[in-house]
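Protein chains: 2
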Amino acid sequence: MPYRPTDLVDYARALLDACGLDADKSRSVADILVQGDLMGHTTHGLALLPGYLTELESGAMRKHGEPAVLADHPAAVTWDGQRLPGPWLVLQAMELATQRARAQGTCTVVIRRSHHIACLAAYLKRATDQGLLMLLTCSDPNTASVAPFGGLDAVFTPNPIAAGIPTDGVPVLMDVSTSATTNGLTNRLHKEGRRLPAAWVMDGHGVASDDPAVLFKEPKGTILPLGGMDSGHKGYGLSLLVEALTGGLAGHGRADAKEGWGATVFLQIIDPRAFAGLDAFTRQTGHVTDACRASRAAEPGKPVRTPGEKGVALADQQTRQGVTLYPSILPALAPWAAKLGVSEPTAIS
Amino acid sequence: MPYRPTDLVDYARALLDACGLDADKSRSVADILVQGDLMGHTTHGLALLPGYLTELESGAMRKHGEPAVLADHPAAVTWDGQRLPGPWLVLQAMELATQRARAQGTCTVVIRRSHHIACLAAYLKRATDQGLLMLLTCSDPNTASVAPFGGLDAVFTPNPIAAGIPTDGVPVLMDVSTSATTNGLTNRLHKEGRRLPAAWVMDGHGVASDDPAVLFKEPKGTILPLGGMDSGHKGYGLSLLVEALTGGLAGHGRADAKEGWGATVFLQIIDPRAFAGLDAFTRQTGHVTDACRASRAAEPGKPVRTPGEKGVALADQQTRQGVTLYPSILPALAPWAAKLGVSEPTAIS
Numbered sequence: 000m001p002y003r004p005t006d007l008v009d010y011a012r013a014l015l016d017a018c019g020l021d022a023d024k025s026r027s028v029a030d031i032l033v034q035g036d037l038m039g040h041t042t043h044g045l046a047l048l049p050g051y052l053t054e055l056e057s058g059a060m061r062k063h064g065e066p067a068v069l070a071d072h073p074a075a076v077t078w079d080g081q082r083l084p085g086p087w088l089v090l091q092a093m094e095l096a097t098q099r100a101r102a103q104g105t106c107t108v109v110i111r112r113s114h115h116i117a118c119l120a121a122y123l124k125r126a127t128d129q130g131l132l133m134l135l136t137c138s139d140p141n142t143a144s145v146a147p148f149g150g151l152d153a154v155f156t157p158n159p160i161a162a163g164i165p166t167d168g169v170p171v172l173m174d175v176s177t178s179a180t181t182n183g184l185t186n187r188l189h190k191e192g193r194r195l196p197a198a199w200v201m202d203g204h205g206v207a208s209d210d211p212a213v214l215f216k217e218p219k220g221t222i223l224p225l226g227g228m229d230s231g232h233k234g235y236g237l238s239l240l241v242e243a244l245t246g247g248l249a250g251h252g253r254a255d256a257k258e259g260w261g262a263t264v265f266l267q268i269i270d271p272r273a274f275a276g277l278d279a280f281t282r283q284t285g286h287v288t289d290a291c292r293a294s295r296a297a298e299p300g301k302p303v304r305t306p307g308e309k310g311v312a313l314a315d316q317q318t319r320q321g322v323t324l325y326p327s328i329l330p331a332l333a334p335w336a337a338k339l340g341v342s343e344p345t346a347i348s
Numbered sequence: 000m001p002y003r004p005t006d007l008v009d010y011a012r013a014l015l016d017a018c019g020l021d022a023d024k025s026r027s028v029a030d031i032l033v034q035g036d037l038m039g040h041t042t043h044g045l046a047l048l049p050g051y052l053t054e055l056e057s058g059a060m061r062k063h064g065e066p067a068v069l070a071d072h073p074a075a076v077t078w079d080g081q082r083l084p085g086p087w088l089v090l091q092a093m094e095l096a097t098q099r100a101r102a103q104g105t106c107t108v109v110i111r112r113s114h115h116i117a118c119l120a121a122y123l124k125r126a127t128d129q130g131l132l133m134l135l136t137c138s139d140p141n142t143a144s145v146a147p148f149g150g151l152d153a154v155f156t157p158n159p160i161a162a163g164i165p166t167d168g169v170p171v172l173m174d175v176s177t178s179a180t181t182n183g184l185t186n187r188l189h190k191e192g193r194r195l196p197a198a199w200v201m202d203g204h205g206v207a208s209d210d211p212a213v214l215f216k217e218p219k220g221t222i223l224p225l226g227g228m229d230s231g232h233k234g235y236g237l238s239l240l241v242e243a244l245t246g247g248l249a250g251h252g253r254a255d256a257k258e259g260w261g262a263t264v265f266l267q268i269i270d271p272r273a274f275a276g277l278d279a280f281t282r283q284t285g286h287v288t289d290a291c292r293a294s295r296a297a298e299p300g301k302p303v304r305t306p307g308e309k310g311v312a313l314a315d316q317q318t319r320q321g322v323t324l325y326p327s328i329l330p331a332l333a334p335w336a337a338k339l340g341v342s343e344p345t346a347i348s
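Just so you know, the sequences run in chain order X and W.
Under numbering that gives the first Met the number 0, the first residue of the first sequence carries the number 0, and numbering increases by one thereafter.
Under numbering that gives the first Met the number 0, the first residue of the second sequence carries the number 0, and numbering increases by one thereafter.
Incorrect hints may appear among the rest.
Said to hold, decoys possible - Taking lysine to aspartate or glutamate and the EDC-like style, the derived pairs with C-alpha atoms no more than 20 Å apart in a straight line are: (1) W:Lys219 with X:Asp152; (2) W:Lys301 with X:Asp202; (3) X:Lys219 with W:Glu298; (4) X:Lys309 with W:Glu298; (5) X:Lys216 with X:Asp278; (6) X:Lys301 with W:Asp229; (7) W:Lys301 with X:Asp152; (8) X:Lys190 with X:Asp209.
Simulated from the structure, these hints should not be mistaken for laboratory data.
Turn these sequences into a full structure, and let the hints guide you.
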């Protein structure tokens, strides 16, 4: 049963407003969550909203205020996010970094003590639509599920790296965890009693497994770094890089007391106009993505796609024809709607 | 048979000088190549020198001159490397980016038409020793050996991502290809008739393999993206990011006529002092790397290491006790020494 995206945004805004969040912040959070679902990132769209509402209610996500500026240099800004909603903070940071990048060539904003920032891919097209290259990465110092290569003990979150890359056609919207899989997917498959597509986790004895249940029983297993048992040193190295860019530059993270579900954010806007020019940039990125799509398929009938191609097409289609939500999403929001006196959205007939 | 590192640097300098390269450029190239061997990167140290000498002799590597400045903004500089030696260009770019990052917080230098830049890890400690975070990545538009995920046709080079991260102890020196393995390793193992440690390549029919020979016979195989058959979309995404940062920002690459062995380079210096401060930075990165090393080992007797830890220790030890070169390296240089009238180095007795 599809829903109009605008109806879902209005629904999410009404729920967030009813919890007392500032109106502009509700708007940003609702937009980014629904954008996640539009692109098919079903674990990182409205599926997150019940959690966010719980955090607003408990005060763990802050409802009012602004980030505190900890440092401000022409191409480098550091904020304390004061545990304000992540999607609102990231959109504010993108605006600032975009202005600065026009003058300096690039601008980086780092945010400590943001709340969770939802689906990284959901932000990228706003940058590529302006002909800007955007890098976005985050970690959550509150928790750890990913082990260093060769180790049994979790040190990292899945520490995603996302990038929006303009081309002369469909942009590349790349969003990959530096771990073999994510908390979102392992949690969902575990609840549903299902297996992972490959051996992306390790049990508490160091044996690779495709069973997410190993993460939930003693001795506790871990998510493998990207590259798994034979190349996990690469994912491990990238996880450390993300920690440095986030917790390191923000000066706040795993060395500090835990404050609950949140994110430390690194965001960089790079303006190709300050380098060889936007046309020269998209000529190269267009050429390379065309070459990828032109590659013969390794498996007949499964053509090579570029990252984000499917998400952009799905978002276009779902914007026109309505969004089909993952089945568990609206039922999880129904009790909140009842409690807060918000009307549930109506499916398109 | 170990050699004094200074003797190897002098030997490499003498060979490069004898080919007519400017003295300051010979010095930079020799330093970086020997640094690669010191750290144990035996495919990317002096093993590259015969190739470099051939390129100098043919004129494909330029002997004199400076890079041309194509664009210059406070935090973003674009050079045409004019096919000058890569290690010299990268060291020049590091110096400029370091000065600029002190004022702007970060500075990025992008170089089109550099010659090959050797071992990425060899540059990083020069940045971390100054308390700077350094990102370095490159691609070579002249060639392709890595296929996009799901494809049979090579589009990318192994497109490495390297980062130097200061900590309160041993720095993290991270250098990983975004492909499952490298040209250097597959070439060497193929010549030696050996197999790869895992299925890091794909034959020309789309079947994963550990035999590097599939890259050298028809129909031609390819190197898999990092993540291999089940998670290769992640390495593929990172490969595209590297193409955007290098060929895209430099405005020169795969869309242009091939010019021979070379590199397009992206280098970024980030000064933690412009964010939350260097002490705050190393407090976090030190904490995280300590946590990694403290993790129980998955395999008894194989403790968790941080990236670069082994390389830094090996470089220290080899600086004191002499460098043991990979067996094929000096024999490959001997004909050059004879031809150019340069004395070969003497092993430490």
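Each hint, compared with the structure:
no.: 1; hint: W:Lys219 with X:Asp152; verdict: violated (41 Å)
no.: 2; hint: W:Lys301 with X:Asp202; verdict: holds (17 Å)
no.: 3; hint: X:Lys219 with W:Glu298; verdict: holds (16 Å)
no.: 4; hint: X:Lys309 with W:Glu298; verdict: violated (40 Å)
no.: 5; hint: X:Lys216 with X:Asp278; verdict: violated (53 Å)
no.: 6; hint: X:Lys301 with W:Asp229; verdict: holds (14 Å)
no.: 7; hint: W:Lys301 with X:Asp152; verdict: holds (14 Å)
no.: 8; hint: X:Lys190 with X:Asp209; verdict: holds (14 Å)
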